[in-house]
Amino acid sequence: MIDKVRADAAAAVAGIEDGSTVMISGFGRAGQPVELIDALIGLGPNELTIVSNNAGNGDVGLARLLAAGRVRKIVCSFPRQLDSWVFDGLYRAGEIELELVPQGNLVERIRAAGAGIGAFFTPTGFGTPLAEGKETREIDGRNYVLEYPIHADYALIGGYRADRLGNVIYRKTSRNFGPVMAAAATTSIVQVDEVVAVGALDPEGIVTPGVFVDRVVTVGERNWLEGGVFVGADDAEGNRGPASDRTAPGPAASARTKGDAA
Amino acid sequence: MIDKVRADAAAAVAGIEDGSTVMISGFGRAGQPVELIDALIGLGPNELTIVSNNAGNGDVGLARLLAAGRVRKIVCSFPRQLDSWVFDGLYRAGEIELELVPQGNLVERIRAAGAGIGAFFTPTGFGTPLAEGKETREIDGRNYVLEYPIHADYALIGGYRADRLGNVIYRKTSRNFGPVMAAAATTSIVQVDEVVAVGALDPEGIVTPGVFVDRVVTVGERNWLEGGVFVGADDAEGNRGPASDRTAPGPAASARTKGDAA
Amino acid sequence: MSLDRTRLAARIARDIPEGAYVNLGIGAPTLISDYLPEGAEIILHTENGMLGMGPQPRPGEIDPDLINAGKVPVTELPGAAYFHHADSFGMMRGGHIDICVLGAFQVSQAGDLANWSTGAPGAIPAVGGAMDLAIGAKQVFVMTDLLTKTGESKLVAACSYPLTGVGCVTRVYTDRAVFDVTPDGFAVTETFDTTLEELTRLTGLELVDRTHAEPIDIVQEAGT
Amino acid sequence: MSLDRTRLAARIARDIPEGAYVNLGIGAPTLISDYLPEGAEIILHTENGMLGMGPQPRPGEIDPDLINAGKVPVTELPGAAYFHHADSFGMMRGGHIDICVLGAFQVSQAGDLANWSTGAPGAIPAVGGAMDLAIGAKQVFVMTDLLTKTGESKLVAACSYPLTGVGCVTRVYTDRAVFDVTPDGFAVTETFDTTLEELTRLTGLELVDRTHAEPIDIVQEAGT
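Protein chains in written order, with my numbering: chain A, 1 to 262; chain B, 263 to 524; chain C, 525 to 748; chain D, 749 to 972.
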């Protein structure tokens, strides 16, 4: 029997080594696999190259991985955000290397890796500093830049539901980079709210087929869902209840703010 | 109000001219938009270039268009099949031009057109006669062939359900080239069993978003479905009932064999 | 009287026809969605993977899985569709978005756009999807003040800031006037309590006067 | 005794491990699905857009929307997934299919495959997905008779027929023997009622004798 489900996040990230290239899904916080990143921090490899759209938000997830000093280089499109203080500090201190890639070229380069394309001509970035030194070509009267695939050793992906075969679905805009990264990494690891029985996912609606997925782990339901039904949150971090409640520690508060936990 | 729904197949194909390049979805008979092709035959343009995986099956759909002498050139991967006698005859008589493209390059070239990629390096076909005269390059120790996009003036697509915004879903392996062609043509025309209300299609499961679709037409439910429920057929053409029944003319038999009607 | 941000947003909204697929860039352009004509179906694209984006949700109804490109929570309208990032940027790069509206540091009279970096030493660069939007949309509208806070024209002969895209801007909506990018340079199509002479002085550019011309249906003009 | 088609299919099926993603080419290779080990989960890919393909349906249960690459009606197993053609060929080209099994006109000792055209004048060429499968799958197995109907070896020093792919074949299963493609040429790993001497005579090639070697876990060996 095929069973890609791992017991916990630590088991799911096993094997990631010093120097690995790791893709991390998500656009801002949406689709960011926070529990897998926390497990990666626990595992401890250093000198990682991270491929992700952003360079962390607040002090959780990817930001926490950066703060822990585990990342040598990040390949992303939009590092600077209102809540990217961890990256900002490292960058200004010269402690992290940045490869800045226009977002569409970033995702197309990741797609190329997964789809076996050797290189492609894109119009995006032509004539800008981000195409400096790159091969260009005019094709049918339009100017293009040649871009190469981005492969990874591992991909950490935030999904919604999966089955033991590794079929995955996502929720709304948290889909973003997940399906593309799953195909581009040698080993793809997906965290989901819930693992469901084989056959429970509609074959017409599976977004990432199991062929792209190596490991699956359940991390429990997010705050804004109850039994798979959307119940809403009070902020974009997924907190519920009045803001004043959120500083109170204790099991109840903890359960309600798990999305924000460090 | 946006309303991409056309009254009938004739209205849906209006504007296709002599010399147009027309993509036709489908893999064999699955997903082939037979009613749109029939309307195109009725409309009458000549000297068409057709882009499709196959070159027609039996005497219906694309095969009927070929038999009507409307096609100057076909770009496809697999013209020769057990039931491709119409194409075979035209080809042997030198009455149709063939551009043979490996299937994965064909669909990736169509995808490139829709996604604004100027050209791409593919490993498929390297060292074979189908790459003769094409630019090649070694990248990271592997050999690739440079392939260019295939654009079209029109795409005729066989879908399952759509809404008036042009959002489309497909059934099973009839999806094949449809979503890719919808993005690659200037004007994309989709036939479906049924147009449903806006909001009736699951936003997570929409395969072709309306942005790629210009016109939608309902052609009625196929033989093997009843009210959207699969009831089965007795052959791959979608006929039902014992084979002996199918030669009997008359309204009842006609309704049962509509998928096979010329 | 020059237009403030909200009135400028309302002005731009008037030029967005029903049925258009539109991407409103991060920042001021997002204001435009509040002024789209009541009842007209205009479909908003957000590059993080959605068509049919609706307004911001009320507190308590926020879905952290449903955000826009500015990472602000949004909602889903009937007929919405989700897709992954490669499909979303293929949609942009492939020319399927009718109109995008972007902010700018500078726009050149050749239509070059600079809106992602001032090139200042020590600044942290971030480009996001700006370059894809700039070269991908059929019409690229820029929404900006005409002058910087220090009084320099954002319309320039040639951009001094790092480019976002070459020859990509269709039209510039500013607080003082609306400018079309034409083969002859910027053409003023509409002024807000100013004159062509003042605009010429402020920008230091030769401007074409089209303030009395018939309005052009720009979506038709440049549709591909 | 040499192996007939069904016994050869059964022999190949033994080398397909549980959990493998497998594409069985049009024609004889489809027979293999009947011999996959009972209860082992092996996921069949069909390049027209499906993983989790099941056996042919009974008459009356045929779904014309659900066919395999040979355009034969098939069924859907629990856990199946559908996708469009670009995604399906990305899956193949990107090296995600563990094993494909193809027929052949010729295989060279360098692993070149010729299986789509004899190059005969007047023949209608058709390539389909053969070239993508040949260069895309991690392991390319060929299933064929050793000799043509006119007695010529299909294993050759260099293919005379038009190529499908260069250096792509991993292993050749024939009615007389199993051959691995190695840097030293064809290595015989298993014979069916024949000898290395006879195989050498029939193929006219220098063959490496590995009939007594430990079996190699080929999926491990060449997995990427």
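By construction, these hints were calculated from the structure, which means they are not laboratory data.
Among the hints, erroneous ones may be present.
Simulated restraints on C-beta separations [as the list claims (entries may be wrong)]:
(1) Leu-82/A to Ala-462/B: 33 to 43 Å
(2) Ile-401/B to Asp-932/D: 51 to 61 Å
(3) Arg-582/C to Glu-483/B: 20 to 30 Å
(4) Pro-785/D to Gly-94/A: 49 to 59 Å
(5) Asp-558/C to Ala-68/A: 35 to 45 Å
(6) Arg-755/D to Asp-270/B: 49 to 59 Å
(7) Ala-68/A to Gly-802/D: 43 to 53 Å
(8) Glu-400/B to Thr-724/C: 29 to 39 Å
Glycine residues also receive a C-beta, built at the ideal position from the N, C-alpha and C atoms.
- Hint check for Gly-802/D and Ala-68/A - Cβ pair distance inside 43 to 53 Å: 47 Å, holds
- Query: Holds or violated: 29 to 39 Å for the Cβ distance of Glu-400/B and Thr-724/C?
  - Reply: Since the Cβ atoms of Glu-400/B and Thr-724/C sit about 56 Å apart, the hinted range of 29 to 39 Å is violated.
- Task: Using the Cβ atoms, figure out if Pro-785/D sits within 49 to 59 Å of Gly-94/A.
- Result: At roughly 57 Å between Cβ atoms, Gly-94/A and Pro-785/D fall inside 49 to 59 Å, so the hint holds.
- Does the Cβ distance between Arg-755/D and Asp-270/B fall inside 49 to 59 Å? 56 Å, holds
- Measuring from beta carbon to beta carbon, are Arg-582/C and Glu-483/B in 20 to 30 Å? Violated - the Cβ-Cβ distance for Arg-582/C and Glu-483/B, about 41 Å, lies outside 20 to 30 Å.
- Query: Honestly, do Asp-558/C and Ala-68/A meet the 35 to 45 Å range at C-beta?
  - Reply: Holds - the Cβ-Cβ distance for Asp-558/C and Ala-68/A, about 42 Å, lies within 35 to 45 Å.
- When you take the CB atoms of Ile-401/B and Asp-932/D, is the distance between them in 51 to 61 Å? 28 Å, violated
- Message: For the hint 33 to 43 Å, verify it against the beta carbon of Leu-82/A and that of Ala-462/B.
- Response: Between Leu-82/A and Ala-462/B, where Cβ atoms are some 38 Å apart, the hint holds.
In the structure shown, a violation is registered for the earlier hints numbered 2, 3, 8, in ascending order.
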